[in-house]
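Spelled out, the chains give:
2 protein chains.
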Amino acid sequence: MLKLFNLEEKGWNLLIKELNERANSESEEILESVSKILKDVRLRGDIAIKEYTEKFDKVKIKDFKVSEEELSECFNEVDVEFINNLKEAKENIEYYHKAQKGRGFILNKERGVFLGQRILPLDSVGVYVPGGTAAYPSSVLMNVIPAKVAGVEQIVMVTPPNKDGKINPYIGVAAKISGIDTVYKVGGAQAVAALAYGTEAIPKVDKIVGPGNIFVATAKKLVFGTVDIDMIAGPSEILIIADEGAEASYIAADLMSQAEHDKLASSILVTTCKELYEKVNSELEKQINDLLRKDIIKDSLINHGKAIICSSIDECIEVSNRIAPEHLELMVQNSMELLGKVKSAGSVFLGYNTPEPIGDYFGGTNHVLPTNGTAKFFSALSVDSFIKKSSFLYYSEEAIKEDGEKIINIANKEGLTAHANSVKVRLK
Amino acid sequence: MLKLFNLEEKGWNLLIKELNERANSESEEILESVSKILKDVRLRGDIAIKEYTEKFDKVKIKDFKVSEEELSECFNEVDVEFINNLKEAKENIEYYHKAQKGRGFILNKERGVFLGQRILPLDSVGVYVPGGTAAYPSSVLMNVIPAKVAGVEQIVMVTPPNKDGKINPYIGVAAKISGIDTVYKVGGAQAVAALAYGTEAIPKVDKIVGPGNIFVATAKKLVFGTVDIDMIAGPSEILIIADEGAEASYIAADLMSQAEHDKLASSILVTTCKELYEKVNSELEKQINDLLRKDIIKDSLINHGKAIICSSIDECIEVSNRIAPEHLELMVQNSMELLGKVKSAGSVFLGYNTPEPIGDYFGGTNHVLPTNGTAKFFSALSVDSFIKKSSFLYYSEEAIKEDGEKIINIANKEGLTAHANSVKVRLK
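Chains as they are written, first to last, in the UniProt record's numbering: chain V, 1 to 428; chain R, 1 to 428.
Worth flagging that the hints you see were computed from the coordinates, not collected in a lab.
Wrong hints could be hidden among the right ones.
One copy or any two copies: either way a pair holds, since identical chains are not told apart in the list.
Stated by the list, open to error - EDC-like mimics (lysine to aspartate or glutamate), calculated; alpha carbons at most 16 Å apart, straight line:
id, residue 1, residue 2
1, Lys-176, Glu-200
2, Lys-163, Glu-21
3, Lys-343, Glu-9
4, Lys-428, Asp-262
5, Lys-109, Asp-314
6, Lys-406, Asp-79
7, Lys-101, Asp-384
8, Lys-62, Asp-181
9, Lys-343, Glu-77
10, Lys-343, Asp-299
11, Lys-204, Glu-398
12, Lys-109, Glu-54
13, Lys-101, Asp-290
14, Lys-163, Glu-54
15, Lys-343, Asp-123
16, Lys-204, Asp-262
17, Lys-176, Glu-69
18, Lys-424, Glu-398
19, Lys-413, Glu-81
20, Lys-424, Asp-290
21, Lys-55, Asp-230
22, Lys-109, Glu-94
23, Lys-58, Asp-243
24, Lys-10, Asp-299
25, Lys-341, Asp-123
26, Lys-109, Glu-88
27, Lys-424, Glu-247
28, Lys-294, Glu-54
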């Protein structure tokens, strides 16, 4: 199912060209209709949201706020084992994210001068959670826990209601477990608008995070600046570097775990061992039939899957560094030795027994990752995504008298005499 | 010159409404012409850049790369005192930014499981530096030094040539002092395009930073995602909280240092002391006549200046927290006590003798700050702006055997059976 790409024969340029073929286009139509929804919600608030919910979700909602009773009832609709698994996952995720928490600092200099930086949590955050078939409770944990750890006081969630006007019980359970303050049953671009501008029922927040369809993604893009947003997720990818010691059945399974997300997902095997590629291909054929989303997997593997044969492990790493994959599995004997050579990857999974889904659900690292090669400059969602840094500076009278002329000189050279003047008045 | 706003009489809603009147509109025309330039440079590379440079900068450039000789010559055109001042500023800026540098971590858990996060510098950064009257050497330092401290290997600069085909000597000196690798004489949207896509002469980078006019800002917005960018700077602001002990002449000078940037700049005094407002107003009249940019200052103060009278210092802080100013001066007796109550401000200047321009040039904190109220969720440019974080996770065979069923259960509940399968194959 995977196409072979021999780097030595075909060269880097062709590889990069082939990899860039997954472009995602944004339609003018969607932009226009989303922009209309945003404006409408900004002007008409709750009334507009009610209308859009009726139109898109086919249900009349009287009160967007999900009651405590409805949230508690979710726990009755979900098996206890799942609840316990999710609670354990939460602990692992919390443990990891607590280690991310940064601290402010202060530097004391001569003459009483001091300066530093404070770390402050955002005041409020809104988490978007899709409904329907793309309702992922794990995603609730991954978006909420870092915000909680950062110290955000108000975390609200929006999620579309089903046709009975209820929310998905798995989402409800995940919301409670992760410690969401309030859940509102509203979805789509109208939910993003409500969080960005505020309505009578739904509070304006400082930042909107969470995955969504193209309408939600476009709405987030358009409100950026009015509020902060997380990344816009593009088609995602897994890249597996494997040596002779790696099990072909493991590799095949891991490639498909990514491929099932999306027809545009890209699953790439990079190896020095051509026999391994052949074994993986036959394992793919063997395993795929038992999988629910086999059509998507097939599409994704055939169009965007690839096995790249390299002449050395260092060349394998070079391929990965150029691609900057969202997920990188190092299925090699000495994975820690290779880790140091990895320059760009959202999240790295080490050794033969760390399939990427452990990170998706349970291991503790975040699964909201930079996609489509943006790991070259973007990072996973983290505690840092929910803080802001504020610097401070104190100058004493003695210090400004001593440094004043230097500052005046630079300001004057830039033609900013009012800047110079603010120091001058203090030298008199 | 400052309009009075009495919070008690007029209330919060009116204040917020008046403050929001500074909207910046982006024209369709600019969007279209920038988009054309980007496409053109992507397709035709250096040839396109040469044409645009001839068109917009009125000069034919044969070689975009500024030679070592030309850079060295800049030092002859600039007075020695300025060079020394800039070098001292560089040391202060470096000292502060080194303290920002984060570190990776690793957490070792039971059963051989470990996970953590690595901090990696971006590979390459492009710094845009305006030419002409807006050529600010200080801005070169503020953009380059954090990237250097982060460990970015390749830092290049683009700046438009003057009509003789030369770069501004102050910019050249600042580039050398801050440690830029290569300077290219190209400006405008075409320079942003070159950095985003790469041309024969100019390398593609991972991130583009630095201020620019509306064409540069629009180009940066449009290439976002292909590369990372820093914030899009909006109209900036200073907010000064002052008590009875503050000198009216200092306050007036500091308000004007911000007002001279831009007609849209907003300079706000917040105080409990109405007499102070009156004294500041007469100081403004007194000081303004000696300033080069008095017309801009007048425009800015009359249209966007404000003196807000509050009933207590805590209310002053509340005003500031709602506005989230780019620059906040705490001209009060016990400024450190108030600092803890400041929730949102790009940079805070403490006490009577720390006018904001010390931070612009010399103190060490960064002057690239979130504007237009975005300090609620954005932060100053920092070392963190030039790094990416990459997580890693290792599971042992023992651990996956023990946790496997839990992960399978969550994956199945989400309908992602290929995710479940990647764990299942390892439990056999």
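Against the structure, the hints come out as follows:
| no. | hint | result |
| --- | --- | --- |
| 1 | Lys-176 with Glu-200 | neither (24 Å within a copy, 55 Å between copies) |
| 2 | Lys-163 with Glu-21 | neither (38 Å within a copy, 41 Å between copies) |
| 3 | Lys-343 with Glu-9 | neither (25 Å within a copy, 58 Å between copies) |
| 4 | Lys-428 with Asp-262 | neither (68 Å within a copy, 28 Å between copies) |
| 5 | Lys-109 with Asp-314 | neither (46 Å within a copy, 30 Å between copies) |
| 6 | Lys-406 with Asp-79 | between (70 Å within a copy, 13 Å between copies) |
| 7 | Lys-101 with Asp-384 | both (7 Å within a copy, 14 Å between copies) |
| 8 | Lys-62 with Asp-181 | neither (20 Å within a copy, 62 Å between copies) |
| 9 | Lys-343 with Glu-77 | neither (45 Å within a copy, 41 Å between copies) |
| 10 | Lys-343 with Asp-299 | neither (30 Å within a copy, 50 Å between copies) |
| 11 | Lys-204 with Glu-398 | neither (45 Å within a copy, 47 Å between copies) |
| 12 | Lys-109 with Glu-54 | neither (62 Å within a copy, 49 Å between copies) |
| 13 | Lys-101 with Asp-290 | neither (42 Å within a copy, 49 Å between copies) |
| 14 | Lys-163 with Glu-54 | within (10 Å within a copy, 61 Å between copies) |
| 15 | Lys-343 with Asp-123 | between (34 Å within a copy, 9 Å between copies) |
| 16 | Lys-204 with Asp-262 | neither (32 Å within a copy, 29 Å between copies) |
| 17 | Lys-176 with Glu-69 | within (12 Å within a copy, 65 Å between copies) |
| 18 | Lys-424 with Glu-398 | within (14 Å within a copy, 70 Å between copies) |
| 19 | Lys-413 with Glu-81 | between (69 Å within a copy, 11 Å between copies) |
| 20 | Lys-424 with Asp-290 | between (78 Å within a copy, 12 Å between copies) |
| 21 | Lys-55 with Asp-230 | neither (27 Å within a copy, 38 Å between copies) |
| 22 | Lys-109 with Glu-94 | between (37 Å within a copy, 14 Å between copies) |
| 23 | Lys-58 with Asp-243 | neither (52 Å within a copy, 57 Å between copies) |
| 24 | Lys-10 with Asp-299 | neither (24 Å within a copy, 62 Å between copies) |
| 25 | Lys-341 with Asp-123 | between (38 Å within a copy, 13 Å between copies) |
| 26 | Lys-109 with Glu-88 | between (47 Å within a copy, 14 Å between copies) |
| 27 | Lys-424 with Glu-247 | between (73 Å within a copy, 14 Å between copies) |
| 28 | Lys-294 with Glu-54 | neither (34 Å within a copy, 56 Å between copies) |
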